[in-house]
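K.L.:
Starting from the known structure of chain H, fit chain Y onto it as the hints suggest.
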Amino acid sequence: MGAPALWATRAMNEVYRELEHPADLWLEIRGDDPESLSEHALYALYASMVHLERVRPLEERTLQAQAGHLAGALRRLLAEALYLFDAEGYVAGAATVGLSAGEPGGPGAVALEARVWGEVFDPCRHERLSEIKAVTYHQLSAGPATEGGWRATVLLDV
Amino acid sequence: MNGADDSTSLERVGDVVWQIPMSGGMRVPGRVYADEELVASLRGDQSLDQVRNVAYLPGIQRYSMAMPDIHFGYGFPIGGVAAFSIEEGVVSPGGVGYDINCGVRLLATELRRPDLEGSIKRLVDQLFRDVPSGVGAHGAIRTLTRAEMEKLLVEGAGWAVKNGYGRPEDLERTEARGALPGADPTAVSERAYARGDDQVGTLGSGNHFLEIQVVDQVFDAGAARAYGLFEGQVTLMIHCGSRGFGYQVCDDYLGVMGEAAGRYSIELPDRQLACAPVESPEGRRYLAAMACAANYAWANRQMIMHLTEEALLRALSLGPRDLGLRLVYDVAHNIAKLEDHSVDGTVGRLCVHRKGATRAFGPGHPEVPETYREVGQPVLIPGDMGRASFVCRGAERAMEETFGSTCHGAGRVLSRSAALRRAKGRAIDRELAAQGILVRSQGRKTLAEEMPEAYKDVERVVSVMDRAGISPRVARLRPLGVIKG
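These protein sequence lines are chains H and Y, in that order. Per our numbering, the very first residue in the first sequence carries number 1; after that it's consecutive. Per our numbering, the very first residue in the second sequence carries number 1001; after that it's consecutive.
By construction, these hints were calculated from the structure, which means they are not laboratory data. Just so you know, even glycine gets a beta-carbon here, dropped at the ideal spot from N, CA and C.
Residues on chain Y that point at chain H, a partial pick, calculated with CB under 7 Å:
no., residue
1, H1071
2, G1134
3, R1191
4, S1205
5, R1412
6, S1415
Going by beta-carbon spacing under 8 Å, a handful of chain Y positions derived as facing chain H:
no., residue
7, Y1098
8, G1204
9, R1416
10, Q1442
11, G1443
12, G1485
Just chain Y, with the same shape it has in the complex:
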């Protein structure tokens, strides 16, 4: 059932900010960040109804928000941000998504573009061999025992570092230091363990990728310097999440929350908004299981970074010092977190859901690594494999308007079947090679589904949040080589 009785209306309240006025059972208005063209593409789209439906949920604060990469999701829209009071609010697995802590990790090197002349193919092949990818990918490391898995679920990226897959300073540059507190391995089903115990260090499939990139434009020299980025520099980007482990946690708790919502008499305009009070046994248990999956994802990206470094050293016959690989930052874009934010002048703890939205904490925030604190948190926005990805920075305005959140990517514009139809008779890999981008993929179907024209132009999405002053652009990264699952 839809909470809307008619099509959801939008009123412009700023250059790139649109409001959905309160109606029906909405407790707060909706807010959408978009330019005119993006708004035109949203007219009549169900995702706006979803923004409105989220506003019905108990304890929601200020606005039900959507970022410019908004598109239709299950219950909550993708690109949705909603914060709930701990005392009166709810937590919802549909507000996080199946791929818990899907996120992005950016690695910088000391290499310049010319350093890869003649070795890109070797490098892409090596990464394709060494980083397991594709449907059901497994086997990056041996299958973990139950005791090892439980430690990993509590310690996250720290577990990987402790076991030799990375450096302690990597944790400083990972959101939440790579481990959410409160993870409880007993809140996780046997099925999640069975789906996840051999997938640590694997990329998976779909829109996940590992990319070799070059910094082709710097927009904010000061912030780029703080992040250690410069024009012509070779970087690598990892985009993946908690694999089958996280999918199973979400699936398990959608069932639990479906029953809980009725038990707590929470009226839902859409049953996929299934939720429970944050402080209820069901709510606490979901957060404890979700933290396990989030920590799994951080360990996964930490492991992939390690495998990537080994592959680079082997393919380029370099020493670690010459390669100079280091973590710029790692962000989650599918997560619910307990954070302190100011509402009507009072700072309090809220449960912030970001589903296809990136944390963007501004300058001076204690959770931003000290080295970046003066400029704000690095925000990593992946695009499609033919165009670009962006590094932005969290601004003070994000803290004031969006609970420290911004967009997370381009968002699809073609369905998978439409992309397959458009790719018929074409060789996407050869088209990309003609643009100087080498792609290796486990499956031709994924490559066709993920072709660049299947996505909106990420530049447009990023520009909206730049214009809004939420996450100004710092640098643009162009792909040179892509590993797809």
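Chain H extracted, bound-state conformation:
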């Protein structure tokens, strides 16, 4: 499969918003299902770090994360993306996410696999935004929303 449409070419306004927090970035993310919720969470992370308009899908990478519940797996997925950005400068402009369920109640009950398309950050080409130190455990949640669809909250330490 080739790269899906780049986030920069899609209407992404409704997929996440910033909640009030005194010092850091507290994000509320929405999706139709756990997979799109996870994809939108990746978008929210990258869009907080870099202006995505000029990110090209030059290189495909795979990110994997698992945990006992969706929120934990999502945090790990975002931590993987942050690590890749910090260690190799890799920034994604598009992603697809697949979810598989392991043994219920086990440490790998929820596994996420993201295929991401992007390139290495180039300060001449890309505009930097916030430096994210970590994807924290604080205010972390993910699950079905009472009003329909899926909702997650993640707090990024800036």
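P.N.:
Relative to the frame of chain H, chain Y by itself:
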């Protein structure tokens, strides 16, 4: 889960000291340093519940404390100080924070304000070019090999000096001589190495900065003289930490400690207080990894000082002697350290967590450099980029009341999104230029998020600790030029 069943109450026990009485599972009371206005702003704030929650932890000594720049953090509040017995107490990554050994370094010069007339812009531009800053900044020096990194992690600022980035006397004027003992490079993950091996000598982003300042008021002439500071003098301040390396160490060990707390049957009122006994394998290993990150940060600030000196010499066409750049002091404000303190008349070794709090050792303490020993340790408190920063001094009272600790900065008053909303349609750099402060930043967003009104007035915070007799003011420094990431 919160340890509080109702809102945390405060009882005034001194001019600027407030007590949180013991309740629930608290092992000691809480203590908050604040004036009435700061206390009013804290009413209903979750950070007071966090002070209370920390008091639940095993082996905590005397009080769970908060400095006047207290605000909400993860587990421990920012501005929190807590000391634990080595035998029965715990160590917690949440009590240190993600940016391990984030800290401040103050450099003095022989220059006076008029010496920079007409050259501030050139100087700011040169510093902006020569000191890498911003999101993912790297490349101050070539990427270090694994063997070089391991040496740096053990030797800290000493590694930088040994490799030509500074002078041996810089180490005398750095907290812990720029290297915590017990650093074990094998306690650090591959990921931390990968995040940190090309970021030595970089400022980063967020609230980190490099500032050109002028000493605009001296409050304590004797201490200022001892520190080599005088009115009208040009100084430089560096505020940064252990970069991606430290963030990764914290993240790695939050996972380890989350499991360890359960294994040692430590009841946590908030899971972000995840911790392990100081003497446990997990506790020792975290302290060994944290020491690596602390030493990375000291090497980082030492490197930035070197890059700063080179930039000053180039921009001002001066010789080193005319510039007279020297280190006044370097302090950590996110760290856990094993220190000797007196509790109920007995001196013993404690594990002191300072998360957004600065060490403030008083006169005569053997860890204060000999040249400053008579007046006490220099305490460096950065403010926002439009107002001021302060030099204070550690007092004997800090040793008696706060395990030799004080505040660390202004603390935010606006969220980042509120600051962005308020900055809309404004040019923060031009507003600051109109006040005589030249700012260069890698990103407009950071500049807006970090605008002066996003912070409390640091003067108010510093005054509380001055009134408490913990860290009396020595001098105020006004910004002239600012490099932001």
